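**Q** Generate coordinates for the entire structure from the input sequences, incorporating the hints supplied.
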Amino acid sequence: MFLPAFEDAQSSASDTPSTAPAALEPISFEQVAAAARQLAAANQPVTVATVRDALGDVSLAAIHPHLAAWRASQALPESPLLALPDAVSSALLGWAQQLADEAGSGLRDQLAQTDGDLAALLQSQQQLEADHAALQAQLAKVTADRDQAMVTLAECDAQIERLTVELQHARDIASDALVGKAKDQLAIEGKDAQLADLRQQLERNVAATSAESDARLATAMELVGAVTARDNLAAEVKELRAQLEACRAERRAS
Numbered sequence: 001m002f003l004p005a006f007e008d009a010q011s012s013a014s015d016t017p018s019t020a021p022a023a024l025e026p027i028s029f030e031q032v033a034a035a036a037r038q039l040a041a042a043n044q045p046v047t048v049a050t051v052r053d054a055l056g057d058v059s060l061a062a063i064h065p066h067l068a069a070w071r072a073s074q075a076l077p078e079s080p081l082l083a084l085p086d087a088v089s090s091a092l093l094g095w096a097q098q099l100a101d102e103a104g105s106g107l108r109d110q111l112a113q114t115d116g117d118l119a120a121l122l123q124s125q126q127q128l129e130a131d132h133a134a135l136q137a138q139l140a141k142v143t144a145d146r147d148q149a150m151v152t153l154a155e156c157d158a159q160i161e162r163l164t165v166e167l168q169h170a171r172d173i174a175s176d177a178l179v180g181k182a183k184d185q186l187a188i189e190g191k192d193a194q195l196a197d198l199r200q201q202l203e204r205n206v207a208a209t210s211a212e213s214d215a216r217l218a219t220a221m222e223l224v225g226a227v228t229a230r231d232n233l234a235a236e237v238k239e240l241r242a243q244l245e246a247c248r249a250e251r252r253a254s
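For the sequence shown, position 77 (counting from the first letter as 1) is numbered 77 according to the numbering used here, and the numbering increases by one without interruption.
For the record, the hints were derived by calculation from the structure and aren't laboratory data. On a predicted model such as this, the values are computed, not experimentally measured, just so you know. We treat Cβ as the ideally placed atom computed from N, Cα and C, and that holds for glycine. Do not rely on the hints blindly, as some may be mistaken.
[What the hints assert, rightly or not] Label-pair ranges, simulated between beta-carbon atoms:
1) M150 / R37: 39 to 45 Å
2) I160 / A61: 50 to 56 Å
3) A120 / G94: 36 to 42 Å
4) D157 / G190: 45 to 51 Å
5) D145 / D57: 25 to 31 Å
**A** Printed below as a string of structure tokens:
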């Protein structure tokens, strides 16, 4: 039956500062009697509710016994009986007793019912006060949990912010690394292209050098052949000259 009130208190806990549960003030007979006398002097009804209104936040269960004691102390003293004849006095006493019995029966029933209602109200009031104290304790716990959750949330926010900065820094490093890697890759590809060009040039130079060497070798071989032929021809010419000189010598001799 108190759950909605607790939920309202819990929902408003985030907008109101936390407060400790309020305890009911103790009350004494003198305080209740003074309040009752003031109400009576002002021609106001003297009841548990009016006394509580006059005293403030006080338990009805604490007021009731003091108010009952005050009412008992305020009972009017009995007036002295007038001197009447015994017969008249006896008749009056009998009639008064009968009237009191007849009137008191209904009054006693009403008083018993009123006492029962009052006891039920007092019990309900005590239950309400107990429930109120329990709700105040629950509200204090919920408020403390809320405060702790706010502290934890603030710590989580700070950690998230720190991790976000670290993540951004890591992304920057990774981006720089990717850019550097791309540059290195482009440089490597450029070097590979240069090496391919140099290799092709070297192959062309080697081919040209080989062809030139082959041509030079062929020329040298031809030159060697020509020199050999010349030497052979010179030897033959020398031999022929020798033969010619021999022939000439023979002719001169003959």
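**Q** Next, verify each hint and record whether it holds.
**A** Verification of the supplied hints:
At roughly 52 Å, the beta carbons of M150 and R37 sit outside the given window of 39 to 45 Å. Between I160 and A61 the beta carbon distance is about 53 Å. The supplied range of 50 to 56 Å therefore holds. The hinted range of 36 to 42 Å is satisfied by A120 and G94, whose Cβ atoms lie roughly 38 Å apart. For D157 paired with G190, a C-beta distance near 49 Å keeps the hint of 45 to 51 Å intact.
For the pair D145 and D57, the supplied restraint of 25 to 31 Å holds, since their beta-carbon distance comes to about 27 Å.
The structure fails hint 1 only (numbered hints given earlier).
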